[in-house]
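Protein sequences appear in the order of chains A and B. Take the first sequence: its letters are residues 1 to 113, numbered as in the working numbering. Take the second sequence: its letters are residues 1 to 113, numbered as in the working numbering.
Hints are computed from structural coordinates only; laboratory data are not their basis. Keep in mind it's a predicted model, so treat the numbers as computed, not measured. We put the CB at the ideal spot given by N, CA and C, even for glycine. Among the clues, some could well be false.
Pairs of lysine-lysine, BS3-like flavour, derived with a Cα cap of 25 Å [to be verified]:
1) A:Lys36 x A:Lys70
2) B:Lys83 x A:Lys67
3) A:Lys36 x B:Lys83
4) B:Lys42 x A:Lys70
5) A:Lys36 x A:Lys112
Partial selection, computed: residues in chain A whose CB lies under 7 Å from chain B [as the list claims (entries may be wrong)]:
6) Pro39
7) Gly42
8) Leu46
9) Lys100
10) Phe103
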Amino acid sequence: GEDVEQSLFLSVREGDSSVINCTYTDSSSTYLYWYKQEPGAGLQLLTYIFSNMDMKQDQRLTVLLNKKDKHLSLRIADTQTGDSAIYFCAENQPKAAGNKLTFGGGTRVLVKP
Amino acid sequence: EPEVTQTPSHQVTQMGQEVILRCVPISNHLYFYWYRQILGQKVEFLVSFYNNEISEKSEIFDDQFSVERPDGSNFTLKIRSTKLEDSAMYFCASSLSGGNGYTFGSGTRLTVV
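Work out the full structure: start from the sequences and follow the hints.
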């Protein structure tokens, strides 16, 4: 079955760049996502990338996809204290009757002033 | 921006009792989902619902669980006889198409005592 893995923890200084990594096993993954979860809150979609792309940039966020290595990363430029949260990588393969997401375990990002 | 609304935000129930978790998906969305996150663990898919029927369910979604869309706006998850291990955050989500574009609710924290 599908599996998505992430490192558990990342500490970064305010103003530096953060890079969160994710690996997945299912080569038929069509969409790959990054979600952010702040304490006690729901899952906020940050960005996603379609599998035929290798890079997507959205303001401070850059997603890189290496399909050959099944590796996805999220770079946050100029990291702010408000970026402290858990970041989840997820993948799915849309089907006619629905498309479940498979999540990684989440990377806890701590931004130090 | 349209939201997925979940109620209650926190529910405490005694083991063996039935609980119903409620969700109001985004009004023009066609696909509905429940996920759960046991404290400190991955977000796990439970069930997807499309065209008034379950389209996919996970191994977790056994006979104790059921979903219903009783009217045009609500989407409910019922757990018939709760167990301690059902304690988790339960997230509802909806999407317009079977591709990307999930929106998650803020979750219901279920505590079984």
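Checked hints:
1. A C-alpha spacing of about 21 Å is found between A:Lys36 and A:Lys70, which places the hinted pair at or below 25 Å, so the restraint holds.
2. A threshold of 25 Å between alpha carbons decides the hint, and for B:Lys83 with A:Lys67 the separation of about 41 Å lies outside it, so the pair is violated.
3. Among the hinted pairs, A:Lys36 with B:Lys83 is inconsistent with the structure: their alpha-carbon atoms are about 29 Å apart, more than 25 Å.
4. Straight-line distance between C-alpha atoms of B:Lys42 and A:Lys70 comes to about 19 Å, which keeps the hinted pair within the 25 Å bound.
5. Our distance criterion of 25 Å between C-alpha atoms is met by A:Lys36 and A:Lys112, whose separation comes to about 18 Å.
6. Taken as an interface hint, A:Pro39 does not check out: its beta carbon lies about 12 Å from the nearest beta carbon of chain B, beyond 7 Å.
7. Annotation: A:Gly42 was flagged as interfacial toward chain B, and the flag holds, the nearest CB pair being 4 Å apart, inside 7 Å.
8. Interface restraint check for A:Leu46: the shortest CB-CB distance to chain B comes to about 12 Å, outside 7 Å, so the restraint is violated.
9. With 7 Å as the threshold, the beta carbon of A:Lys100 comes within range of chain B, its nearest partner Cβ sitting at about 4 Å, so the hint holds.
10. Restraint check, A:Phe103 versus chain B: the minimum CB separation of about 4 Å is within 7 Å; hint holds.
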